[in-house]
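Student: Letter by letter, the chains look like this.
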Amino acid sequence: MNTKIFNNIDTLIDMATLSKSKEEINAELIEVNSLIESKKKEIEAKKQDIAEEDYVNTSLELVDKNIEVSLEQKVAKLNRQLKELENKNIELKENEDSLNKEIRALEENSEDNQEYLKLLGDRVSTSKDLTSLIKSEEDHAKHQATILKNKKKEYEQVLKELELNFQAKEELEAKLEEYTKRLSDIKSNLKNPNTYINKEQKEKDEQSLEELNQSLEELEKRKLILLCDASIIGMDAKELVLKKNYKEAQAKIKELLTIVKAKPFMDIKDNKTLETTLEKKENERRELVTLMANKNYELSLNTSFQIRLDYLQEEITALDYQINDKETTLKQIDDYLNNRLASDIRTCEEDIEVLEDFVANLKQLDTKDSETLKTLEKKEQELTTLKTILANYKDDLKDVLKKYQNIKELIEQLTIKKDNYLTEMNNLKDYQNTDVKVIDIIKRKEDEDRLKAINEDIQNIKARLAYGDSPDDIFDLIVAEMGETSKTNVGNKIESLDEPLDDSLSLETDTLTDTLEDALKEDIPQENLSSVESLDDNNSNVFKVIDIQPIEELRG
Amino acid sequence: MTLKFNHIITLENNDKYVVLNNAILGGKKYYLSMGITNKKANPQNIKILEEFIRDEELYVQIIEDQKLVNTLLKIFASQNKSY
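Order-wise, the sequence lines are chains F and G. Per our numbering, residue 1 is the first one in the first sequence, and the count goes up by one each step. Per our numbering, residue 1001 is the first one in the second sequence, and the count goes up by one each step.
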């Protein structure tokens, strides 16, 4: 009984389509466990690194400290210079005041002297003794004026110096303000511990830690999947059966059944439905293969080129037809000219010549014979008529020649047009040939993926059909065996799924193109690929003509 | 037997066409034809027919290849222009 139960459990394990044996799973589990351990260690190490690392950029701090010292020195120096300037300014200011006073005194003195000299001058006319005094006083006044002039110069110099000092002071104060501000910033940076933290490195480390955590999570998931693997569950169920713990065994088998039913098409009980779905999928695959084989996946970057080429080809064919047609007409005209008109004209000219000779001979006779005169008159009339006929012929000849010339010119024009089209077409073809073909890889990949998905579905349906019974049926059989309520044998031969069901269906993307070509050869009748122009008995556009009658009969 | 200008042809499916023009292209005979409905020509139903003989019977094929149709229409149009 256990053998039957075990066989059915094995069938369910097979249905879960896991090709791995328990040993392989165990081997992978060991590998995953060791990877998990190594990841955990890496995470711990990273966490420790992050904790120990203060991420302070010491070189930046050192630079700022140097700048601080330098700025402090500069600020002190500026303050000293400013102090010196201020002292100098005070000195200059005092000097300026004193000079100002002196100048004012000298100016007052000079005015007094002028008045005194004027009075002395008025008296000179009355007293000669005053002359030497005037001379002495004038010399004194001159001397005073020179002193005043020098003092004024000195005063201007002091004023200029004062102005320059003020400018220098302003510049020094601006510099001092700038340095003081920079110094204050640097000092605040140096006081703030976060200023010199290496944020970039910190973020990098945190991201690396997050990645490690993610990969650990993935490994844990994989471990969980491996632990829940169908073969492990199946083994557990078998152990429970051996221990006759049927209740727990049933729970385990139910677990296994859930895994199996999660597989595509494994939950479908009815084989008829599966067969219909398989047929549909196979048709779908055939259509897709045909579609893909007919697609060149070239990106239509030069559609306009192709449209123009088609247009040119149509025009050239039509022009060829017209040229041939016109050449045929020319030949017909040529034949008509040579064989008919020219010959008729020649005959007419010969007749006229003969008649002219005859008339001339009659006239030479100079006879009064009434019959002869009558004949002469008649022949002259004939001659006139013949000349009119000849003139008419010649008019016709002119018309035909004109027509001939017109057609010839038209042929030339059509040939020029055709040559232009041919040149353009060749240029476009040259360009197309040099143009690199651009393949729509995305579209092709989409189709390939779709084909792959259909193939997988077909494989899955075939795999499910190969078992005959559905997973639910097998589960019921196991339960029945365990409960000894039924002796039904599953009895269906289960094909091994280790080998591919159909080699031609196991399409890999790399070999897809080859398979497509093979499939095309098999699936598409060659005649369907031939030109539309070719006639085909099955072509719905072909009809037998059963009657032909002139249009007049219809009217009648 | 061959299709003729200004003649009416009846096909095995009982469709009728009046032949308006003809052209030879690539050794094949093509005819510009207009369908006839209720004994009246229908300008909405213009077809180009290719004539061929099989087992001594006359057949036509309705041309649907657009490129060929374009070319033939140009040829028929050029034939209508008088020199």
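These are calculated hints, taken from the structure and not from any lab test. All values derive from a computational prediction rather than experimental measurement. The beta carbon of each residue, even a glycine, is placed where N, CA and C say it ideally should be. Check before you lean on any hint, since a few could be wrong.
Computed Cβ-Cβ distance ranges for the label pairs, DEER-style [what the hints assert, rightly or not]:
1. 1025(G) / 378(F): 57 to 63 Å
2. 1053(G) / 405(F): 29 to 35 Å
3. 1035(G) / 296(F): 22 to 28 Å
4. 384(F) / 1035(G): 55 to 61 Å
5. 384(F) / 1025(G): 18 to 24 Å
6. 1035(G) / 269(F): 56 to 62 Å
7. 468(F) / 1053(G): 33 to 39 Å
8. 449(F) / 1035(G): 45 to 51 Å
9. 339(F) / 1053(G): 57 to 63 Å
10. 1053(G) / 296(F): 35 to 41 Å
11. 1025(G) / 296(F): 44 to 50 Å
12. 343(F) / 1035(G): 45 to 51 Å
13. 1053(G) / 327(F): 26 to 32 Å
14. 1035(G) / 394(F): 45 to 51 Å
A partial selection of chain G residues facing chain F, derived with a Cβ cut-off under 8 Å [stated by the list, open to error]:
15. 1008
16. 1010
17. 1046
18. 1060
19. 1074
Student: The structure should be examined with respect to each hint, and the outcome stated for every one.
Tutor: Hint by hint, here is what the structure shows:
At about 59 Å, the CB distance of residue 1025(G) to residue 378(F) agrees with the hint of 57 to 63 Å. In this structure the hint that residue 1053(G) and residue 405(F) lie 29 to 35 Å apart at CB is violated, the actual value being about 41 Å. Between residue 1035(G) and residue 296(F) the CB atoms are about 37 Å apart, so this pair departs from the stated range of 22 to 28 Å. Evaluation of the 55 to 61 Å hint for residue 384(F) and residue 1035(G) yields a pass: the beta carbon distance comes to about 59 Å.
Checked against the hint of 18 to 24 Å, the C-beta distance between residue 384(F) and residue 1025(G) comes to roughly 53 Å, which is inconsistent with it. Distance hint for residue 1035(G) and residue 269(F): a CB-CB separation of about 57 Å, consistent with the stated range 56 to 62 Å. For the hinted restraint 33 to 39 Å between residue 468(F) and residue 1053(G), the CB-CB distance of approximately 60 Å leaves it violated. Taking the beta carbon of each, residue 449(F) and residue 1035(G) are about 48 Å apart, inside 45 to 51 Å as hinted.
Taking 57 to 63 Å as the suggested C-beta distance range, the pair residue 339(F) and residue 1053(G) does not conform, at roughly 34 Å. For the pair residue 1053(G) and residue 296(F), the supplied restraint of 35 to 41 Å holds, since their beta-carbon distance comes to about 37 Å. Between residue 1025(G) and residue 296(F) the Cβ separation comes to about 28 Å, which falls outside the hinted range of 44 to 50 Å. The hint said 45 to 51 Å for the Cβ distance between residue 343(F) and residue 1035(G), and at roughly 48 Å that hint holds.
Taken as a hint, the range 26 to 32 Å holds for the pair residue 1053(G) and residue 327(F), whose Cβ atoms sit roughly 28 Å apart. With their beta carbons about 49 Å apart, residue 1035(G) and residue 394(F) fall inside the hinted range of 45 to 51 Å. Taking 8 Å as the C-beta contact cut-off toward chain F, the hint placing residue 1008(G) at the interface holds, the least distance being around 5 Å. For the restraint placing residue 1010(G) at the interface with chain F, the shortest Cβ-Cβ distance is roughly 4 Å, inside the 8 Å limit, so the hint holds.
Against a cut-off of 8 Å between C-beta atoms, the interface hint on residue 1046(G) is violated, since the closest Cβ of chain F lies about 15 Å away. Proximity of residue 1060(G) to chain F holds as hinted, the smallest CB-CB distance being about 6 Å (cut-off 8 Å). The beta carbon of residue 1074(G) is positioned within 8 Å of a beta carbon in chain F (closest approach about 4 Å), and the interface hint is therefore held.
Hint check: violations occur at hints 2, 3, 5, 7, 9, 11, 17; the rest are consistent with the structure.
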